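Peer 1: Spelled out from the first residue to the last, the chains are:
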Amino acid sequence: MSPADAPLLAARSLSKRFGGLAALDGVSLAVRRGEIFGMIGPNGAGKTTLFNVLTGLYPPDAGECVFDGERVSGLKPYRIAARGIARTFQNIRLFANMSAIENVMVGRHVRTRAGVAGAVLRGAGTRAEEREIARRAFELLDYVGIAARAEQPAFGLAYGDQRRLEIARALATEPKLLALDEPAAGMNATERAGLGRLLERIRASGVTLLLIEHDVRLVMGLCDRVAVLDYGRKISEGDPAAVQRDPAVIEAYLGGALA
Amino acid sequence: MRSAVERVRRWQDDPRLRWLGYLAVAAVLIALPFAVDAVLGRTWVRIIDVALLFILLALGLNIVVGFAGLLDLGYIAFFAVGAYSYALLASPQFDIHWSFLVLLPIGAFVAGVFGVLLGAPTLKLRGDYLAIVTLGFGEIIRILLNNLNRPYNITNGPQGITLIDPVAVGDLALNRSYTVAGFTIAPVHSYYFVFLACAAAAIFISLRLEDSRIGRAWIAIREDELAAGAMGINTRNLKLLAFAMGATFGGIAGGLFVSFQGFVSPESFTLLDSIMVLCMVVLGGMGNVGGVVLGAALLTALPEALRYAGPLQKEWLGEVYVDPSDLRMLLFGLALVLMMLLRPAGLWPSTMRRRELAGVGEAGVAR
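Line by line, the protein sequences give chains A and B.
Quick note on numbering: the working numbering labels position 161 of the first sequence as 161, and the sequence is numbered without any gaps.
One rule links them: number in the working numbering = place in the second sequence (from 1) + 259.
Hints listed in this document are in silico derivations from the structure and should not be mistaken for laboratory results.
Warning: the hint list may mix true and false statements.
[What the hints assert, rightly or not] Some, not all, of what chain A presents toward chain B, calculated at C-beta under 7 Å: (1) T55; (2) L75; (3) P77; (4) Y78; (5) A82; (6) R87; (7) G107; (8) A114; (9) V116; (10) V120; (11) T173.
What you are looking at is a predicted structure, and each value in this text was computed from that prediction instead of being measured.
In this text, a Cβ means the ideal position worked out from N, Cα and C, and glycines have one as well.
Generate coordinates for the entire structure from the input sequences, incorporating the hints supplied.
Peer 2: This is the structure in structure tokens:
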């Protein structure tokens, strides 16, 4: 298999326990380059735990993650971000008191270099880097459609704009894989449609997307492939239409009585 | 209102006017100690000197508390480390007499190392827990300095170290008075300029750091450490850097302090001193360099001004009814309570703190 065909992200039998609860129980999945991969499952199925393991917030108890040909499980979050995985959070975690553009500028941290000496002396190199950080940050705000809010503090933005800002901040780290934890939560139908278009554009720019989402219509319309988690195990995987018909999925969502 | 703002903008945009402004400020600062000496007396020049040292200290603590959001209740320990580094290497204690040009960097470096030593074990702690551990660290340093006179006498214990060398270049020692063109330049005047230079450098460094990649990363850690890590910020190294940078400022202030006093003992470095510096940062406006400078200056000067309360009572009422030193703590407490009620973000808050405390309602107003 040539490197181009190898999956961008491969999780191999990941397990994570919290006390007696097996939040992840031998989950394996492979995300291909350039696809939008959806992850669905009932509440408490382990989707967010999987995200947290993939992005280094928790070390897995067993199994490993390989990203872009390199093992990333067990690395610190900042190292995983440097390798090219960026994420958003289910309960938005912006730098609330920083302005929108400052939030995105923080995302540039991992791709820039200036240290204390550079900051204090502010030579030509640092000045050029700062200009480039601000320019790129504004460009990204424009890209997600909130350039007009650049100077506003993050906490004062409308809910949908906060979600967009989180995406802009994540994109600022130049990820190969963008992991979105319920990006449409709390959005109305118009906002959802706009979000869907934005995610399509991000994919078209060459970024692979991994998506946790509850909104079935959004997942089915957007995702190339979908995996379903239930009680920490993967119970189905495939193209959205096939997954929707899978009896195991129907049972997980609607309960055993109907299956 | 708008025209005033625009005028200030234009003033900032025109480099010639800006340099004229800097020159005017410099002229005022150069004349200040002599003017104060003539009007209020030499005591007040000394108070200004002390205020400059506290500005240096408060700016250092501001990096840790204001920028990175790490509550440090033992900050005075770094002041102590810098003070003793200087005292031991420039006094008859070991009969070593190095120049301040060597000793200030050494003091800054040693304090910075202690900053990392304190930071490393506390990396996983936050808020209250961090505050308690740093408080303990501050006390450990003080008690250590108090007891390092046995079995080998290093710090001379509670008696402290005396006859510490002044700041001197060649034969020009700052603890003597000089007469230049009819002007008497007393030690308080010459030290004023040394302290002013250091405080100005500290302000410059703080402002540059705040508006940089490093400063943004610190503020991001303060806002949400987990999200900062997920965005690729090495939170461990940046927190250690904040502790080290803050400690460095404290170390330099310590060295300057003992060269000015000529004497040092552990009782200058109590928990109350740590809290005092923290109050300067909080009352002035945490995270805002201008606010911190204002807080340090005010909290140094106000208690001194209260000393006049005694003689004034005697003059007006014929008798001293309230002892000024009692009044001092009372008014200090009252000021703290009033501040928290009226200006919770500090006298001169940073834009961010203002936003934080103004709430969502006002946030929609475009700046």
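Peer 1: Give a verdict on every hint.
Peer 2: Status of the hints after comparison with the structure:
no.: 1; hint: T55; in the structure: holds (6 Å)
no.: 2; hint: L75; in the structure: violated (11 Å)
no.: 3; hint: P77; in the structure: holds (4 Å)
no.: 4; hint: Y78; in the structure: holds (5 Å)
no.: 5; hint: A82; in the structure: holds (5 Å)
no.: 6; hint: R87; in the structure: holds (6 Å)
no.: 7; hint: G107; in the structure: holds (5 Å)
no.: 8; hint: A114; in the structure: holds (5 Å)
no.: 9; hint: V116; in the structure: holds (6 Å)
no.: 10; hint: V120; in the structure: holds (5 Å)
no.: 11; hint: T173; in the structure: holds (5 Å)
Hint 2 from the earlier list is the only one contradicted by this structure; the remaining hints agree with it.
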